[in-house]
Amino acid sequence: MTVPVFLFYLFATLAVVSALAMVLNTRNTVAAAMSLVVTMVALAVIYLLLEAYLVSAIQIMVYAGAIVVLFLFVVMLLNLRSDDFAPGRARLSRLAGALLGVFTVGEVVRHWGALPAPPPLPEGFGGYRAVGIALYTDYVLLVEMASLLLTAAIVGALILAKRKID
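Reading the sequence shown from the start, the letters are residues 1 to 166 in the numbering used here.
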């Protein structure tokens with residue numbers, strides 16, 4: 001087993017274990033959100049190992065950075081306590097997490113040696129330049145529509161915030 005393959009399996013296992021910890025840790029929502037951070041960072045490392053550098057950077061910036069910080073902000077703002085959760089639901093989520101873990105381990109064991117070697121990557125795969133050229137030539141209309149949508153969302157948020165101040 002080569003070092004990249006070993007690292008891939010190591011970080012894939014870390015991602016699955018931290019995702020299970022997130023699901024099973026229903027009593028402490030901040031710890032569950034931190035498990036989500038570990039899952040997102042492990043996925044970013046997997047993208048690096050697969051030579052998808054842009055996807056890895058986006059994973060860190062958008063998910064591990066913005067989304068998880070937003071989740072933590074909401075959790076801390078709501079100040080959730082462990083007695084706010086129904087005990088039957090926590091037991092059910094633990095059972096579902098355990099079943100998912102057993103299923104995942106079974107699938108990994110079943111397919112352990114059957115996966116073929118990945119094909120060689122084309123030149124410029126995963127690079128910023130190729131994605132930038134594609135976005136601003138073939139998909140320029142979609143990029144402009146997304147920018148208009150984001151601008152409308154910002155204007156709407158400003159209008160709603162101004163109404164609350166007045």
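Hints in this document: simulated from the structure, not taken from any laboratory. The structure displayed is predicted, hence computed values, not measured ones. Every residue gets a Cβ at the ideal spot worked out from N, C-alpha and C, and that includes glycine. Careful: at least some of the hints might be erroneous.
Unchecked claim - Straight line, CA to CA, 20 Å or less: simulated SDA-like cross-link-like pairs of lysine to any residue:
#1 K162 <-> L150
#2 K162 <-> T151
#3 K162 <-> A146
Stated by the list, open to error - Okay, the calculated beta carbon distance ranges per label pair:
#4 R91 <-> T137: 50 to 58 Å
#5 R163 <-> V102: 21 to 29 Å
#6 G113 <-> L160: 50 to 58 Å
#7 A130 <-> N28: 15 to 23 Å
#8 E107 <-> T151: 16 to 24 Å
#9 L160 <-> R129: 33 to 41 Å
#10 A98 <-> V62: 26 to 34 Å
#11 A117 <-> L150: 37 to 45 Å
#12 L142 <-> A114: 16 to 24 Å
#13 M1 <-> E51: 13 to 21 Å
#14 L160 <-> V131: 12 to 20 Å
Structure-based check of all given hints:
no.: 1; hint: K162 <-> L150; result: holds, 18 Å
no.: 2; hint: K162 <-> T151; result: holds, 17 Å
no.: 3; hint: K162 <-> A146; result: violated, 24 Å
no.: 4; hint: R91 <-> T137: 50 to 58 Å; result: holds, 54 Å
no.: 5; hint: R163 <-> V102: 21 to 29 Å; result: violated, 51 Å
no.: 6; hint: G113 <-> L160: 50 to 58 Å; result: holds, 56 Å
no.: 7; hint: A130 <-> N28: 15 to 23 Å; result: violated, 43 Å
no.: 8; hint: E107 <-> T151: 16 to 24 Å; result: violated, 44 Å
no.: 9; hint: L160 <-> R129: 33 to 41 Å; result: holds, 39 Å
no.: 10; hint: A98 <-> V62: 26 to 34 Å; result: holds, 30 Å
no.: 11; hint: A117 <-> L150: 37 to 45 Å; result: holds, 41 Å
no.: 12; hint: L142 <-> A114: 16 to 24 Å; result: violated, 38 Å
no.: 13; hint: M1 <-> E51: 13 to 21 Å; result: holds, 19 Å
no.: 14; hint: L160 <-> V131: 12 to 20 Å; result: violated, 34 Å
Violated hints, in rising order: 3, 5, 7, 8, 12 and 14; the structure is consistent with all others.
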